[in-house]
Amino acid sequence: MKFRRSLLFFFRLVVGGVFIWAGVLKVADPLEFAQSIKNYQVFPHALVFFIAIFLPWVEVLSGSLLVLGPLRRSSALLISAMLVGFIGLVGLAVLRGIDTSCGCFGSFSRKADLSLMLADGVLLYFALSVFIDRPLGTRASRRPSP
Amino acid sequence: MLSILLAGLVLGGVVHFSLLSRFLAGEFRHSFLDPLKYAGIRFIALQETQDLLESGEALFIDSRASREFAAGHIPGALSLPLEEMKGSGGSEEEARKSLSPRLLSFSRDKTLVIYCEGGDCQTSLALARLIHDLGFQDIRVFEGGWAEWSALGLPAEVSR
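Going down the list, the protein sequences come from chains X and Y. Under the numbering used here, the first residue of the first sequence is numbered 1, with each subsequent residue one higher. Under the numbering used here, the first residue of the second sequence is numbered 147, with each subsequent residue one higher.
No wet-lab data here; the hints were simulated from the structure. Misleading hints may appear alongside valid ones.
[To be verified] Now the in silico label distances, taken between C-beta atoms and shown as ranges:
(1) Ser-251/Y to His-45/X: 47 to 53 Å
(2) Glu-239/Y to Gly-91/X: 23 to 29 Å
(3) Gln-41/X to Glu-194/Y: 24 to 30 Å
(4) Glu-239/Y to Pro-70/X: 35 to 41 Å
No experiment lies behind these values; they were computed from the predicted model shown. All residues carry an ideal CB built from backbone N, CA and C; glycine is no exception.
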């Protein structure tokens with residue numbers, strides 16, 4: 001039990017840390033992030049702009065809340081949803097033969113390829129593990145009455 | 147979950163209020179290039195590109211993959227295949243490092259015309275930003291790119 005709690009805490013630190021770092025870099029230069037999203041050639045121009053303005057803040061907030069604890073299951077679910085979106089976007093780029101950097105970490109971004117999808121898949125597993133772990137009180141209340 | 151999304155919307159709106167205002171006023175409709183930061187970069191159309199080629203004043207740069215460049219390019223163009231220069235890791239830093247020596251012999255005042263495939267291609271603009279950071283002050287991005295140039299049957303060179 002103690003091992004499981006430590007493991008989940010480790011997952012929260014890793015996923016939350018990655019999202020805080022990624023979000024802060026994008027907040028610092030939203031136009032560069034917008035250009036990165038545009039490189040995927042999926043969203044219309046205006047939508048790209050609004051995604052670039054708001055999404056990094058959602059990343060920073062959900063990452064922080066995941067690390068700190070409050071709303072951690074909501075944060076984990078939101079992060080999982082974002083990761084599914086990122087994996088889909090990179091998958092689409094790979095299928096369409098679009099050779100671009102992922103735009104995930106500002107100018108430190110890496111190439112949008114299968115290895116990135118795998119890394120996102122690992123983060124998704126971590127985030128979902130945190131999400132499906134119900135708080136102790138909730139578990140007790142769901143036990144059938146004698 | 148909704149509260150996190152809402153907080154993100156509010157924070158994004160407040161912190162980037164000036165960018166949002168500029169967007170709503172009509173800026174960034176063409177590209178996400180900040181004219182305040184990249185004053186030396188501008189977009190040009192076919193006629194200006196042709197004039198610059200005829201005058202011989204500008205250095206043409208092709209940002210497409212090297213095999214595309216080899217198959218056909220604007221006469222005299224220099225091949226700087228951005229995605230290949232990023233290396234296997236797709237790193238912009240890697241591209242920056244490999245760019246500098248290739249442009250060392252050119253004056254920073256030189257007019258540069260950068261193009262890629264055309265249409266939705268983004269490498270010409272990305273390359274323009276990197277080159278701008280090296281100190282070049284007159285960078286023009288040919289919007290129509292190779293697609294428009296070749297479709298009109300304009301002069302082209304093939305590499306052997």
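query = Hints broken by the structure, by number, lowest first?
reply = 1
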